[in-house]
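Be aware that the sequence shown starts at 22, since it is given in this note's numbering, and climbs by one per residue.
Bear in mind the hints are in silico, worked out from the structure with no lab data behind them.
Please note that a few of the clues may not be correct.
To be verified - 27 Å max Cα-Cα, derived DSSO-like pairs, lysine-lysine:
1) K109 <-> K30
2) K65 <-> K29
3) K109 <-> K97
4) K29 <-> K97
5) K97 <-> K30
Said to hold, decoys possible - What follows is a list of derived Cβ distance ranges for each label pair:
6) D110 <-> K30: 15 to 25 Å
7) D102 <-> D79: 33 to 43 Å
8) S37 <-> Y74: 16 to 26 Å
9) A106 <-> G80: 32 to 42 Å
10) A81 <-> P123: 30 to 40 Å
11) D102 <-> R73: 20 to 30 Å
12) P123 <-> S84: 14 to 24 Å
13) P122 <-> Q33: 27 to 37 Å
Built from N, CA and C at the ideal position, the CB exists for glycine as well.
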Amino acid sequence: MNYDEFSKKLEQTVTSGDLTDTTGDFQCDQTGGYPTCLCVCWTKGVAWLMLRYDLDDDGADLSEFEQGVADFGIRKCEDVDQFNALLKDLGEDAYDIGYIPPEEDETETMNMGGI
Numbered sequence: 022m023n024y025d026e027f028s029k030k031l032e033q034t035v036t037s038g039d040l041t042d043t044t045g046d047f048q049c050d051q052t053g054g055y056p057t058c059l060c061v062c063w064t065k066g067v068a069w070l071m072l073r074y075d076l077d078d079d080g081a082d083l084s085e086f087e088q089g090v091a092d093f094g095i096r097k098c099e100d101v102d103q104f105n106a107l108l109k110d111l112g113e114d115a116y117d118i119g120y121i122p123p124e125e126d127e128t129e130t131m132n133m134g135g136i
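Sequences are here, hints too, so could you generate the full structure?
Here's what the structure looks like:
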């Protein structure tokens, strides 16, 4: 799947009214070290990567990094354990930035910040 197909699929899956959170920026191999966030829609139980386009101020070609986002795709993520497992798979930086301790109650988890 290319990035445009991924974007369309994401738009069909997650709507503006869904409860969505995102981590802080991290670097991972999946996006070639380009600053990235892990987003999660708790309502739909899915997670995906998003590039930090606002950090690109020279108009560079980001298509290689976008393909990494598309290759990651939309993953099942219905709870904190699945979220943390995705972060762990993305690498130490992602895990350190976005890890949610499992002891937190649901209210705190839903307000993890980032957006």
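Here is how each hint holds up against the structure:
1. Between K109 and K30 the alpha-carbon distance is near 25 Å, which keeps this suggested pair within the 27 Å criterion.
2. A threshold of 27 Å between alpha carbons decides the hint, and for K65 with K29 the separation of about 16 Å falls inside it, so the pair holds.
3. A hinted pair counts as satisfied when its Cα atoms are at most 27 Å apart, and K109 with K97 qualifies at roughly 15 Å.
4. Taken as a hint, the K29 and K97 pair is honoured in the structure, with Cα atoms around 17 Å apart against an allowance of 27 Å.
5. This hinted pair checks out: K97 and K30 have alpha carbons roughly 14 Å apart, not beyond 27 Å.
6. Judged by the Cβ atoms, the range 15 to 25 Å given for D110 and K30 holds: they are separated by roughly 20 Å.
7. A hinted range of 33 to 43 Å for the beta carbons of D102 and D79 is consistent with their spacing of about 39 Å.
8. For S37 paired with Y74, a C-beta distance near 18 Å keeps the hint of 16 to 26 Å intact.
9. In this structure the hint that A106 and G80 lie 32 to 42 Å apart at CB holds, the actual value being about 36 Å.
10. A81 and P123 have their C-beta atoms about 38 Å apart, which keeps the hinted 30 to 40 Å range intact.
11. With their beta carbons about 26 Å apart, D102 and R73 fall inside the hinted range of 20 to 30 Å.
12. A hinted range of 14 to 24 Å is violated for the C-beta pair P123 and S84, which are about 37 Å apart.
13. Evaluation of the 27 to 37 Å hint for P122 and Q33 yields a pass: the beta carbon distance comes to about 33 Å.
The earlier numbered hint that this structure contradicts is number 12, and it is the only one.
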